[in-house]
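Undergrad: The chain contents come next:
2 protein chains.
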Amino acid sequence: MAAKKKETRVIITGFGGQGIVLTGNILGQAATLHDGLHATMTQNYGPEARGGSCSSQVIISGAEIPYPYVEQADLLVCMSQEGYTKNLSALAPGGVLVWDTNLVKTGGHDPSWRTFDLPATAIAEEMGNKMMANIVMLGFLSAVFPAASPEAMREAMLAAVPPRTKDKNALAFERGRERGQGLLESGRAGQGRRRS
Amino acid sequence: MAAKKKETRVIITGFGGQGIVLTGNILGQAATLHDGLHATMTQNYGPEARGGSCSSQVIISGAEIPYPYVEQADLLVCMSQEGYTKNLSALAPGGVLVWDTNLVKTGGHDPSWRTFDLPATAIAEEMGNKMMANIVMLGFLSAVFPAASPEAMREAMLAAVPPRTKDKNALAFERGRERGQGLLESGRAGQGRRRS
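Protein sequences, first through last, are from chains A and B.
Quick note: the first sequence uses my numbering, first residue 3, plus one each step.
Quick note: the second sequence uses my numbering, first residue 3, plus one each step.
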């Protein structure tokens, strides 16, 4: 099971139109093209997706990945309430939970988790386009959970967004990244609280 | 194995920048949001992706999909020479092979396959943007291998592309679709030729 241990397993969840698949794709590209790792990205679509819920699963590994489904995640990113509720049980002990403060109300959490929240949507709106919330989140992740190297995540993001939007997205990434660095430096990362 | 038989397994292969992941995502969305089916889309990134090769695997089913990897495909779409060479052995007996005439030189094929070729890149270039080759291909597939209903594929495509580009992409889809319908009507779909 040595290979298994080297895997980093990520679930990104939100709703249609937020760029959840794009975010997963950027993470996979960053790990592969820039960091020389293996990665898979899987999206499940089901009739429940009618409600707009969607999720992207990314596995990053130093070796080939035999099974692309994430059963236990090291990182769970929640950009919708439904995504949070549905996927919380998939976060492994000791995992990292990140959510968009503007979109998710959280309950009690496993005390072994590290928790981070970020008003990604509000930051993106302030910058003029809430569709960039996923990029703000990506910048934040590059600080608090760099599944790929931060520079690789930034490069892969720039390659994935429409050319005209590069400057704005670079700024959105930076805003999120600064927020994450600030949280880490201030020691304000949360610990899970027991479910009440 | 009844559920297995109901699965439609697709591999779309090409190189970075062609929108291969987007094409897989559109197919998954079409099947789910519009046709009420289940779907998964998996992308594998590996160090070999440095060369630019990439592929997207889509499974569409009336039931939940237990294993998202495609081992034997019902449809293989090739938008690069390397994608063709690497994935040909994954096409099931009786499967459908589609390639972009501008990008792929084919060899001998299993005689049980149905084969279709389309100058997707040339058509897209003629329309002013070769980046739309994947949408031309999607329109073509809506005629020759409608893994989701053609109308669903069209709707999912329109929802996935940048709003400003909808008209051009609608036209690209239509060009590909007409080409596919023309081939079907003229009976010019190929049969596999024995490998020489």
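These are calculated hints, taken from the structure and not from any lab test.
Computed from a predicted structure; not experimentally measured.
There could be a bad hint or two in this list.
Any copy, or any two copies together, can satisfy a pair, since identical chains are not distinguished.
Straight-line alpha carbon distances no greater than 25 Å define the calculated SDA-like cross-link-like pairs of lysine to any residue that follow [claimed, not checked]: (1) K132 <-> Q74; (2) K107 <-> Y69; (3) K88 <-> H36; (4) K168 <-> S55; (5) K8 <-> A65; (6) K170 <-> R190; (7) K8 <-> E180; (8) K8 <-> V106; (9) K8 <-> K107; (10) K88 <-> G38; (11) K107 <-> P165; (12) K8 <-> S63; (13) K168 <-> G192; (14) K168 <-> G96; (15) K88 <-> L160; (16) K170 <-> Y71; (17) K168 <-> L24; (18) K88 <-> D37; (19) K168 <-> H36; (20) K170 <-> M129; (21) K168 <-> V146.
Undergrad: Indicate, hint by hint, whether the structure satisfies it.
TA: A quick look at each hint next to the structure:
1. In this homomeric assembly, K132 and Q74 never come within 25 Å of each other (Cα to Cα): the closest approach is 30 Å inside a single copy and 41 Å across copies.
2. When the C-alpha separation of K107 and Y69 is checked against a cutoff of 25 Å, the pair qualifies neither within a copy, at 32 Å, nor between copies, at 32 Å.
3. Proximity of K88 to H36 under the C-alpha cut-off of 25 Å is restricted to the inter-copy arrangement: shortest distance 23 Å between copies versus 32 Å within a copy.
4. In the homo-oligomer, the alpha carbons of K168 and S55 lie at most 25 Å apart only across protomers (24 Å), although the nearest pairing inside one protomer, at 27 Å, exceeds that limit.
5. Proximity of K8 to A65 under the C-alpha cut-off of 25 Å is restricted to the intra-copy arrangement: shortest distance 8 Å within a copy versus 32 Å between copies.
6. In the homo-oligomer, the alpha carbons of K170 and R190 never lie at most 25 Å apart, since the shortest distance is 28 Å inside one protomer and 48 Å across protomers.
7. In the homo-oligomer, the alpha carbons of K8 and E180 never lie at most 25 Å apart, since the shortest distance is 28 Å inside one protomer and 49 Å across protomers.
8. Taking CA atoms no more than 25 Å apart as the test, K8 paired with V106 passes in neither setting, with 30 Å inside one copy and 37 Å between copies.
9. Taking CA atoms no more than 25 Å apart as the test, K8 paired with K107 passes in neither setting, with 32 Å inside one copy and 39 Å between copies.
10. Taking CA atoms no more than 25 Å apart as the test, K88 paired with G38 passes between copies only; the shortest distance there is 20 Å, against 32 Å inside one copy.
11. In the homo-oligomer, the alpha carbons of K107 and P165 never lie at most 25 Å apart, since the shortest distance is 35 Å inside one protomer and 31 Å across protomers.
12. Proximity of K8 and S63 under a CA criterion of 25 Å is satisfied intra-copy only: 6 Å inside one chain copy versus 32 Å between copies.
13. Taking the shortest Cα distances, K168 and G192 never come within 25 Å of each other, neither inside one copy (32 Å) nor across copies (44 Å).
14. Taking the shortest alpha-carbon separations for K168 and G96, neither the intra-copy value of 35 Å nor the inter-copy value of 45 Å comes in at or below 25 Å.
15. For a Cα distance limit of 25 Å, the shortest separation of K88 from L160 qualifies neither inside one copy, at 31 Å, nor across copies, at 29 Å.
16. In this homomeric assembly, K170 and Y71 never come within 25 Å of each other (Cα to Cα): the closest approach is 33 Å inside a single copy and 36 Å across copies.
17. Both within a single protomer and between protomers do K168 and L24 lie at most 25 Å apart by alpha-carbon distance, with minima of 15 Å and 19 Å respectively.
18. Taking the shortest Cα distances, K88 and D37 sit within 25 Å of each other only across copies (23 Å), while inside one copy they are farther apart (31 Å).
19. Taking the shortest Cα distances, K168 and H36 sit within 25 Å of each other inside one copy (18 Å), while across copies they are farther apart (32 Å).
20. In this assembly of identical chains, K170 and M129 lie within 25 Å of each other by CA distance solely inside one copy; the values are 8 Å within and 29 Å between copies.
21. For the homomeric pair K168 and V146, the shortest alpha-carbon distance inside one copy (23 Å) is at most 25 Å, but the shortest distance between copies (37 Å) is not.
In this structure, the earlier hints numbered 1, 2, 6, 7, 8, 9, 11, 13, 14, 15 and 16 are contradicted, and the remaining ones agree with it.
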